[in-house]
Amino acid sequence: MTAADWTTVRLTAELAAWTTVVLLLLGTPLAWWLARTRSGIKPLVTSLVAMPLVLPPSVLGFYLLLLMGPQGPVGQLTQSFGLGRLPFTFAGLVVGSVLYSLPFVVQPLQQAFEAIPERALEAAATLRAGPWDRFFSVALPLARPGFLTATVLGFAHTVGEFGVVLMIGGNIPGATRVLSVAVYEHVEATEFDSAHRLAAGMVGFAFVVLLALYALNRRPRPAGGVTT
Amino acid sequence: MRPRLPLALALCIALLVSAQPVRADTVLVAVAANFVGPFRQIAEAFTVATGHVVQASPGPTGKFYAQIATGGAPFEVLLAADSATPRRLLAEGHAVPGTAFTYAVGQLVLWSATPGVVDDQGAVLADPGRIQRLAIANPKVAPYGAAALEVLKSRGVADRWASRLVTGDSVAQAHQFVFTGNAELGFVALSQVAVPGRPAAGSWWAVPQSLYGEIRQDAVLLRAGAQRPAARALLQFLQSPSARQVIARHGYALPAP
Chain L
7 MTAADWTTVR LTAELAAWTT VVLLLLGTPL AWWLARTRSG IKPLVTSLVA
57 MPLVLPPSVL GFYLLLLMGP QGPVGQLTQS FGLGRLPFTF AGLVVGSVLY
107 SLPFVVQPLQ QAFEAIPERA LEAAATLRAG PWDRFFSVAL PLARPGFLTA
157 TVLGFAHTVG EFGVVLMIGG NIPGATRVLS VAVYEHVEAT EFDSAHRLAA
207 GMVGFAFVVL LALYALNRRP RPAGGVTT
Chain A
399 MRPRLPLALA LCIALLVSAQ PVRADTVLVA VAANFVGPFR QIAEAFTVAT
449 GHVVQASPGP TGKFYAQIAT GGAPFEVLLA ADSATPRRLL AEGHAVPGTA
499 FTYAVGQLVL WSATPGVVDD QGAVLADPGR IQRLAIANPK VAPYGAAALE
549 VLKSRGVADR WASRLVTGDS VAQAHQFVFT GNAELGFVAL SQVAVPGRPA
599 AGSWWAVPQS LYGEIRQDAV LLRAGAQRPA ARALLQFLQS PSARQVIARH
649 GYALPAP
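First to last, the sequence lines map onto chains L and A. Residue 7 is where the first sequence starts when you use our numbering, and the numbers rise one by one after that. Residue 399 is where the second sequence starts when you use our numbering, and the numbers rise one by one after that.
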């Protein structure tokens, strides 16, 4: 592995970590709402969340490029705040990745929240636990496997992202050149040895991460207190 | 005395054969991303003239090399964005010897989607000023990108722009970055901005040939097309006066016939 390779690996990990953190912060309330609501717009929101699953990354990338560009609404907004423009920046990739990986975080969380029996929350309510207390001391611990799945899938899916990054990234070392783009460039330049080095590493990473996830989630849920 | 009947029969067959193609065939062509526009017109004319159908896959030449050399891609003809790739395919036995020729010579332009940004001397390169992004094709894999770097170096301004460069996967993507305004400037192919009937908005500078090595775009018959008359016919058609006219109109220089 060369120094440039390590830069790429580090950048990819940072992108995936930032994306996962943002997604957990945004996705948790969204998933909670989706799991509990009886609102008529639930199907609408559910569909919007699932869109990145079915849309090709090139579609997402194309629209992001236009939206975040100088004429696009998002681009004009960021410029008016003095933030400059998002394409070709790390922050821009985080925005793109959050959209792209959204369903991979929201859906497991939503399923976990839906699986919490209503009685558990009612019992907590009769013990005079407020809504926040109920959420943090009952819902969160019970939804732990869902959080594990959401975190791992959000991170891993962002590592595996390619099309969106290719469209809005500009392949800048240390800022937007992530692993998938580096592999693509090595293959195009017929540097197959370098491509193998990175590609084999990613295959190994994907397998280990998924194996760990499924092995951990297979364990029966602890009956009582939270284990770490 | 010669028998008359066989002669008449042979004549009839010959007439039938020459009047319509033996069999309408499909040619699979891998075509450099920058040449898609003119090639579409040429392919249409080819279909009208011969009845053969062309299936064109546009893409970066480096990717085509990888697909042809390692993946056994079914392409019968390659219209590359360079001359190195066809040469390499020939050397490695993936292409048919004696079939390579230069079909077009690429012209590099410095382009901005905003009028007045680029002057006709390229003086804008001397001082980046408020320009944040200069888009080029990836110099590692795309000849237009390598040529762009050469221009920056021959002007002695490569360092000034190094931190402002964004690279597209191909010259098509570099064009896309400038077109959407995400990069204020970009080195693209003249063929992308001088589209007949649809000239690009903005301002551009046709970079003099003296500032970069000639971008010779070569075509070659691939192994998969060795036994395919339609593929050979297409390569021949590409060198015809009508095809050359289309190529020149799209902003390419032509090699001597």
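Just so you know, these hints were derived from the structure itself, not from any lab. Owing to the predicted nature of the structure, the values given are computational and were not obtained by experimental measurement. Be a bit skeptical, because a hint or two may be false.
[To be verified] Listed below are several chain L residues computed to face chain A (Cβ distance under 8 Å; list not exhaustive):
(1) 72
(2) 75
(3) 76
(4) 77
(5) 89
(6) 91
(7) 93
(8) 94
(9) 172
(10) 177
(11) 178
(12) 180
(13) 191
(14) 193
(15) 195
(16) 196
[Said to hold, decoys possible] Derived coverage of chain A by chain L (criterion: at least 3 residues anywhere in the stretch with Cβ under 8 Å from a Cβ of chain L; other residues may be distant):
(17) 529-535
(18) 557-568
(19) 575-581
(20) 599-605
The C-beta atom is built at its ideal place from N, Cα and C for all residues, glycine as well.
- prompt: What are the numbers of the hints the structure violates, in ascending order?
  reply: Those not satisfied are hints 5, 12 and 20.
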